[in-house]
Amino acid sequence: MTSAHVEPVTAPPVAPPAGRPAPGRARVNPARRLIPYAYLSPTIVLMMVLMVVPIVMVVGYSFRDNVIVQENPVLVGFANYTKVLTDPDFLVALKNTAVFISVSTVAHLVLGLGFALMLNTQLLSGVTKAVFRIVYILPWLFTIAVIAVIWRLLLDPAGVVNYVLQTLGLVQEGVNWLGDPSTALWAVTFANVWSGYPFFMISLLAALQGISADLYEAAAVDGAGPLRRFLNVTLPQLRPVIISMAVLDLIWTSQQFALIWMMTGGGPLNTTEMLSTYTYKQAFSEYEFATASAAAVIVLLLTMVLAFFYVRQQQRER
Amino acid sequence: MAGVKRRHTLAKAGVVTGLVLGGLFAALPVLWMLSTSFKGNGEVFANPPQLITEGFSFDAYREILGNGEQLRFFLNSYIVAGAVTLLTLLVAVLAGFAFSRFTFPFQRTINAVIVSVQAVPPITLVIPYFGLVVALGLYNTYPGLILTHMVFTLPYAIIMTTAYLNTLPKELDESVKVDGGTGWTALWRILVPVSVPGLIAVGVYTFMISWNEYLFALTLTRTNDMRTVPIGIQMLMGQHSYEWNQMMAMSILGSIPVLVLFLLFQRRFIGGLTAGAVKA
Chain Y
1 MTSAHVEPVT
11 APPVAPPAGR
21 PAPGRARVNP
31 ARRLIPYAYL
41 SPTIVLMMVL
51 MVVPIVMVVG
61 YSFRDNVIVQ
71 ENPVLVGFAN
81 YTKVLTDPDF
91 LVALKNTAVF
101 ISVSTVAHLV
111 LGLGFALMLN
121 TQLLSGVTKA
131 VFRIVYILPW
141 LFTIAVIAVI
151 WRLLLDPAGV
161 VNYVLQTLGL
171 VQEGVNWLGD
181 PSTALWAVTF
191 ANVWSGYPFF
201 MISLLAALQG
211 ISADLYEAAA
221 VDGAGPLRRF
231 LNVTLPQLRP
241 VIISMAVLDL
251 IWTSQQFALI
261 WMMTGGGPLN
271 TTEMLSTYTY
281 KQAFSEYEFA
291 TASAAAVIVL
301 LLTMVLAFFY
311 VRQQQRER
Chain U
1 MAGVKRRHTL
11 AKAGVVTGLV
21 LGGLFAALPV
31 LWMLSTSFKG
41 NGEVFANPPQ
51 LITEGFSFDA
61 YREILGNGEQ
71 LRFFLNSYIV
81 AGAVTLLTLL
91 VAVLAGFAFS
101 RFTFPFQRTI
111 NAVIVSVQAV
121 PPITLVIPYF
131 GLVVALGLYN
141 TYPGLILTHM
151 VFTLPYAIIM
161 TTAYLNTLPK
171 ELDESVKVDG
181 GTGWTALWRI
191 LVPVSVPGLI
201 AVGVYTFMIS
211 WNEYLFALTL
221 TRTNDMRTVP
231 IGIQMLMGQH
241 SYEWNQMMAM
251 SILGSIPVLV
261 LFLLFQRRFI
271 GGLTAGAVKA
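Protein chains in written order, with full-length UniProt numbering: chain Y, 1 to 318; chain U, 1 to 280.
Extracted from the complex, chain Y is given alone in its bound form:
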């Protein structure tokens, strides 16, 4: 790792023949140390153009008065940030996003783990489990645009969900799930739960299959019942995967745009406005690119906190 410090700059020019199994890679000649960077150069160029430069740009935008629209935008300091952070709509979006991502992530975890445990059972044949596995993955194979129109169809006041609930006597008349301010956030969250649990399920299933049978046998010898085996063997073994997946899911769900945009557009009365839809509207409906940029930078900072935990978790596992 620290080969740069180990190797003297004036390395004797007796480069070992390419084939010799070099005892340490540090001893190859300096030019060869650039080889990995050559392989990485397309990645580095793309990451610069697609990530570093845009992030610098958006931070720059956020400190100016209206960029893109204005010919020569001037620096305005933190004015855009003040404007965004004191905008009641932004604060509502922040609160809605918090509810949306926390409920979604918990539900994804519970459903994903439940389904993974059922698919991992010894009680059923491999074919049965394979068929159910495909059925359970189904929601994940549809694009968010499709999921949005499916749930708009199902949740329509005259739709099949209301029909079933009316038949069971749970509601009196068709509820306008997406149009009613008291239900809209729960309706979009439900659709997001439906669409997102399979990814959890796949990862947890793989992790379950990786748990050594010896652990369960040892637990059985100690007289542990199914519940104790689950709590003392399964859950601790799944812990790293659960933590990684949960953090990733929080990040992904906080970025959800298409589902909200196509199901409610943030309405009714801002009840489903998310940070993503708020920012999008600022930029592409209001053409307030500077305030949109400030909001975008705030969103970035919030997710960076989550990403920090994710990267640390990943590196600890290595």
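Treat the hints with care, as some may be off.
Calculated pairs, DSS-like style, for lysine-lysine (alpha carbon to alpha carbon, straight line, at most 30 Å) [to be verified]:
no., chain 1, residue 1, chain 2, residue 2
1, Y, Lys83, Y, Lys281
2, Y, Lys95, Y, Lys83
3, Y, Lys281, Y, Lys129
4, Y, Lys129, U, Lys12
5, U, Lys5, Y, Lys129
If you are wondering where the hints come from, they were derived from the structure by calculation, not from laboratory data.
Fit chain U to the known structure of chain Y by using the hints.
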């Protein structure tokens, strides 16, 4: 012994019940979409709802497939997702080779940057992309979409490719070097051919991400002849004042490429995916 057997049967009944309930939760919305696509638009909200109606027809599909504008959405999606997949695979193989077979300064830092790209919110990037893509003259073009989609496909592809290459023994490619070959020949002659199953998994996932991408496709294109399938579905929503049967037919047609890829490669795909997600 009888008690054990009875408990076993009970457990099995419980699991089967759970599986079926879960299956209904997962599949009913999809079935309803399928059923609606075969209905006349007047029957969509019939009371009581019926899974299969007397008016069963392929009209909605005929309407979509007979419409040049809608077909163009599909063509655009194939062009964009196909190009994104090929380019992503090329770049990811090179990067994966570097990560898997070399030790170099800043390796962990570069890796951490790539991992954290997955967390950069698309909504943060779309505003500068809009400025950048317009400035580069790529607004409303294929290259504009292809390039920007790669910011999301590349990190995952690199992580998955690296994880896959790490599973291949180093002796495999080092034998080429013993014979006087370079890393470059070892990569293309030995590692890439051996990695085909892993690369398929990466390619399928990349294709899915690009095929489903919505925000950039919405923001970085303007004219209907540049729109992709997800935007096409949305446009159908406003345009024809809720032709639900056509929206569902379009949704089914728009989902077929991903469904087919998934069914063909599901074993490799799930294996590769979990290797990337969990052990990255």
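Index of numbered hints that the structure contradicts, given in increasing order: 3
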